[in-house]
Amino acid sequence: MLFCLVSLVRERRRQRMATDPRLESYVASIIRAELDGEKFFVVAGSAAERELLLEAIYLVVSHTYGIPLSSFRELVRANRLGEFLMRRIAWSRGADRARWLLLSSVIPLREEHIARLKGYLHSGDSIVRSSALLALLSLQPSRALQTIVSLNYHLSPFDVVRIITLLRRGVMPIAYEPLLKSANRNVQMVGLAIVRSFGIDIAEKHLHAIISTTDDAALAREVIYTLSSLGRPLGREKVKTRLCGMTQAERRDLCRYLSVEGYSMAALRTLFTEQEIGLNESLIKSYKRDLICPQANF
Amino acid sequence: MSTSEFLTVVISLLLLIPILRFTLRRIAAYRQHRVLIDHRAGCCEQIGFMGCSTVCVGLYSLSHIQELLSVEYSRYELILVVDAASDAEAVRQIISHYKLVRVNSAVADSAASEVRALYRSSRRTFRRLVLLDVSNISLYDNLNQAVEVASYDYILPIGRSVSLYPYAIEALAIAVAAADSPVRAFRLDDSLSCYLFHRDSVVLSGGFSEHIIYQPLFASCPTLDTPIVFERNTRCAYLITNTLIIIAIAVYVCLIALFGNWRIALYIGWFLGSVLSLIIYYNEVLNRGNRSKITLLCYFFHIISFFYRRKFYLS
Chain A
1 MLFCLVSLVR ERRRQRMATD PRLESYVASI IRAELDGEKF FVVAGSAAER ELLLEAIYLV
61 VSHTYGIPLS SFRELVRANR LGEFLMRRIA WSRGADRARW LLLSSVIPLR EEHIARLKGY
121 LHSGDSIVRS SALLALLSLQ PSRALQTIVS LNYHLSPFDV VRIITLLRRG VMPIAYEPLL
181 KSANRNVQMV GLAIVRSFGI DIAEKHLHAI ISTTDDAALA REVIYTLSSL GRPLGREKVK
241 TRLCGMTQAE RRDLCRYLSV EGYSMAALRT LFTEQEIGLN ESLIKSYKRD LICPQANF
Chain B
1001 MSTSEFLTVV ISLLLLIPIL RFTLRRIAAY RQHRVLIDHR AGCCEQIGFM GCSTVCVGLY
1061 SLSHIQELLS VEYSRYELIL VVDAASDAEA VRQIISHYKL VRVNSAVADS AASEVRALYR
1121 SSRRTFRRLV LLDVSNISLY DNLNQAVEVA SYDYILPIGR SVSLYPYAIE ALAIAVAAAD
1181 SPVRAFRLDD SLSCYLFHRD SVVLSGGFSE HIIYQPLFAS CPTLDTPIVF ERNTRCAYLI
1241 TNTLIIIAIA VYVCLIALFG NWRIALYIGW FLGSVLSLII YYNEVLNRGN RSKITLLCYF
1301 FHIISFFYRR KFYLS
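Sequence lines, in order, name chains A and B.
Residue 175 in our numbering sits at position 175 of the first sequence, with consecutive numbering throughout.
In short: position in the second sequence from 1, add 1000, done, that's our numbering.
These aren't lab readings, by the way, just hints derived from the structure by calculation.
Just so it is clear, the structure is predicted and the values come from calculations on it, not from any experiment.
Heads up, some of the hints might be wrong.
[Claimed, not checked] Below, a sample of chain B positions facing chain A; criterion: calculated Cβ distance under 7 Å: (1) Q1032; (2) I1047; (3) F1049; (4) N1104; (5) E1114; (6) L1118; (7) S1205; (8) G1206; (9) V1253; (10) S1277; (11) L1278; (12) N1283; (13) V1285.
[Said to hold, decoys possible] Below are the BS3-like pairs computed for lysine-lysine, each with C-alpha atoms no more than 27 Å apart in a straight line: (14) A:K285 with A:K240; (15) A:K238 with A:K288; (16) B:K1099 with A:K285; (17) A:K118 with A:K181; (18) A:K181 with A:K240; (19) B:K1099 with A:K288.
Think of the CB as a built atom: it goes at the ideal place given N, C-alpha and C, for glycine as much as any other residue.
Generate the whole structure from the sequences, applying the supplied hints.
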């Protein structure tokens, strides 16, 4: 019961922080300062105020484009926000640590602090790893590729989505061609996600090159899905060979994906058997409508 | 300590520990989920090509439909299975509100089929809504018909009174994408008997039935701790939980009267107080307001699940 009481108090404090009027006033002040071209400056008197300041900066930066992190340098130095963040990251665990890591992604930190963040890239907790990766990519966009190459695990599809979100926000300037040509699997996956997300049709030849050369079946499957999301034809021999190497379940999943993406029955017949297509004929048909329909029953 | 006191303590601990574990795991998963679904994450994009078709049988409420359609995840659709003959006016309202048009369907065209018609929306905004008009057959046959017309690989059957937590589909997509091996099913909620199925697994097990989860394919399906679904306050839930509370108080009073032992009364009081604190803490974190009775039901079914897995059904 005591544990619940303590946890309840902490939870109430967390919820109260989200509606704290000081948070609103910090957010308004930061926005006003940015619009007027001035520097926002305030001295936080307590740990709670430091936390609110960090939340305010995070809220503003994550909902806007183009605010340079350097505009908060004086604020960070005066309030020792870097040291505060590093302490909180070190003392916390799990989701709390991940949250603090995400907050660190919008603060101009010193080099030694950024070096400490790199240690969390190899954490046993996947959510901490993911948040540390996002923080480092935001803080050092010019070293994004090196950071991704240095990872000793495969990026999950969710990690890739979050990296693409950073790209969309203009945080990381990365061209797709070097990524697709890279020998590192994580880098290639990010490249494929960029092609998919931005609908880069002209990347088709690079995608076919990966299908021809890679030994990684999962990567080849990802490339085929990427080609289909671009609506590109899939009739080449290399693609058919890869399809033959898939399991029945994978072929069925892909067939359904192609049906939903809008491929016609004729296109599917070149890739799948009649039995496999038969399951999807109804689905494809249901996306169409006859010119003459029977009347409804009521 | 007498034997009865010892037994009271042991039984209290045996009941309290799984409840505590369940609460802490759920809350940790929820907190983790809140961090993952950060407003910068852009989770409305597809995650690992995973798509989910939510199937609901006999839902006619426009507000509830709108709530289920407000999912941001891109590869998502809502399949409503209705019987237009039993409530023609409600179905007409749904068709008119969402600008649904009847489309071709090999399933509906078949003479022996119980499916009368398949509708999709002519408006892009509502393209994720599919309406299936069937003759009133069994719940499980309705679900099987819905699987035939579903566009995506994962099927989430939910009851009429069930809603999704915010970003529930994103949580499912993350869990599926992060799984080491292909996912056949996820157990989502014991009290609602809610599962996420892979279409292939449903087909291989012969379609939906009340015994589907007893099939070998689903014998070891993992449990997802992140809260995905919750039941809106229903009359049945109030009835059951009020009954449970009355039974618990009656047992408490009987035990005190029987043993006349203040220690036993203390231990039981401590146990009930601990459970109540956990309920309050759980509701506070998940922002579920005053839904203590439903949380108590969740705990009850979680304890039951150690001995018996409920049949698959929709509320």
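Going through the hints against the structure:
no. : hint                : result
1   : Q1032               : 4 Å, holds
2   : I1047               : 5 Å, holds
3   : F1049               : 5 Å, holds
4   : N1104               : 5 Å, holds
5   : E1114               : 13 Å, violated
6   : L1118               : 6 Å, holds
7   : S1205               : 14 Å, violated
8   : G1206               : 16 Å, violated
9   : V1253               : 21 Å, violated
10  : S1277               : 4 Å, holds
11  : L1278               : 6 Å, holds
12  : N1283               : 10 Å, violated
13  : V1285               : 6 Å, holds
14  : A:K285 with A:K240  : 24 Å, holds
15  : A:K238 with A:K288  : 31 Å, violated
16  : B:K1099 with A:K285 : 19 Å, holds
17  : A:K118 with A:K181  : 26 Å, holds
18  : A:K181 with A:K240  : 22 Å, holds
19  : B:K1099 with A:K288 : 15 Å, holds
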